[in-house]
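A.B. asks: Here is what each chain is made of, one letter per residue.
Protein chains: 2
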Amino acid sequence: MQTPRTTPSRLAKRTAYDTETIYSILDEGLFCTVSYVLNGQPMAIPTAYARHEDRLYIHGSVGSHFIRSIENGASVCISVMLADGLVLAKSAFSHSVNYRSVVVMAQAEKVTDESECLHALTLITDHLIPGRWADLRATTDSELRKTTVLAFSLAEASAKVRTGGPNDDPGDVDLPTWAGVIPLETSWGTPIAATYNIAELPSYLG
Amino acid sequence: MQTPRTTPSRLAKRTAYDTETIYSILDEGLFCTVSYVLNGQPMAIPTAYARHEDRLYIHGSVGSHFIRSIENGASVCISVMLADGLVLAKSAFSHSVNYRSVVVMAQAEKVTDESECLHALTLITDHLIPGRWADLRATTDSELRKTTVLAFSLAEASAKVRTGGPNDDPGDVDLPTWAGVIPLETSWGTPIAATYNIAELPSYLG
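For the protein sequence lines, the chains are A and B, in the order given. Letter by letter, the first sequence follows residues 2 to 207 in this note's numbering. Letter by letter, the second sequence follows residues 2 to 207 in this note's numbering.
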């Protein structure tokens with residue numbers, strides 16, 4: 002949703018407020034950075050997350066200073082950035098980055114309903130490793146009591162996207178410098194079994 | 002350097018303050034998230050950067066709201082996270098992430114010396130694409146006037162690192178669930194030349 006604090010001063014043409022764009026970036030990203038204010042100072046923590054409908058969930062230890070600092074409704078700025086490629090132009094000035102990013106302005110809501118907590122933990126686990134939750138033993142009450150789940154509304158989220166090749170100045174186009182895009186790719190490596198693993202690699206990891 | 006605001010409340014054993022660890026993470030990462038406070042609200046922007054000795058540099062348009070918000074010495078929290086792998090345990094609770102992250106608490110210093118500005122732009126360009134700067138035409142005075150370079154001291158930086166396999170509870174070790182690490186890998190894809198490119202791919206991109 003476009004609000005004064007989600008309206009950029011620069012390159013507004015790169016900004017999107019449609020949920021399809023915002024959700025697709027959040028669903029593809031694995032980690033976000035949660036920024037908050039503590040005693041007037043900016044603080045930031047990278048963490049895992051998951052989206053469900055118009056809410057984003059994170060979790061942490063009930064004793065975590067970070068979690069305790071924001072769980073009572075603090076304002077946060079959550080950012081996710083997918084770097085897709087480096088854009089090489091013929092001048093340093095025209096170099097750029099192809100990226101898809103989302104910024105969410107929201108207040109933390111502590112999830113107190115046990116079934117919503119469990120659902121959020123399921124979502125976070127399966128967001129990182131689709132199919133994992135069904136393969137795990139049940140979470141215990143003790144584990145749940147040690148875990149805080151926080152929810153954030155996506156009502157005030159915006160996306161920023163750059164795609165395509167370089168845009169050189171007309172006067173630079175004929176320079177004999179290579180211009181184009183170097184894609185950045187993220188992939189899964191070969192799984193490394195734990196020393197005490199006794200199972201075959203499951204199909205959802207293959 | 003360890004100060005009250007770089008001392009974590011959780012998992013202190015994962016925290017490092019040595020410059021070798023901090024610098025190696027900053028030198029491997031490509032993008033950081035700069036968090037700052039605007040009218041009491043947390044804000045965050047992903048951007049490129051480079052490290053030189055004990056300073057970190059970013060740049061932006063002189064007209065950027067972000068740059069103008071912090072250039073007069075605002076406190077920032079700069080975070081860089083390298084995600085190395087997902088750590089799969091036999092319980093959801095014991096799942097983890099292998100990562101290397103750095104958090105820098107600092108005040109923005111606007112670089113006014115023209116040669117330091119140019120040097121910082123060289124560093125940022127060559128940090129993303131080693132060898133690129135030497136292949137580019139000279140930056141013009143007009144381009145320099147449109148660009149603000151900010152420097153940040155690394156005196157108050159800390160690193161947090163997790164490596165290795167899962168640590169399951171003793172009671173879970175014999176469960177028939179696959180346990181281990183799924184590495185996350187980032188790589189460069191095949192370069193895509195611009196429509197107006199007339200150059201061979203240079204060796205530093207090969």
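Simulated from the structure, these hints should not be mistaken for lab results. Incorrect hints may appear among the rest.
If several chains are the same, the list does not tell them apart, and a pair holds so long as it fits within one copy or across any two.
[As the list claims (entries may be wrong)] Derived DSS-like pairs: lysine-lysine, alpha-carbon spacing no greater than 30 Å straight-line:
| no. | residue 1 | residue 2 |
| --- | --- | --- |
| 1 | K111 | K14 |
| 2 | K111 | K147 |
| 3 | K14 | K147 |
The structure presented is a predicted model; accordingly, all values stated were derived computationally and were not measured.
A.B. asks: Does each hint hold? Answer for all of them.
C.D. replies: Now the hints, each set against the structure:
1. For a Cα distance limit of 30 Å, the shortest separation of K111 from K14 across copies, 28 Å, qualifies, whereas the shortest one inside one copy, 35 Å, does not.
2. When the C-alpha separation of K111 and K147 is checked against a cutoff of 30 Å, the pair qualifies only within one copy, where the shortest distance is 14 Å, while the shortest distance between copies is 44 Å.
3. Taking the shortest Cα distances, K14 and K147 sit within 30 Å of each other only across copies (20 Å), while inside one copy they are farther apart (44 Å).
Of the numbered hints given earlier, the model fails none.
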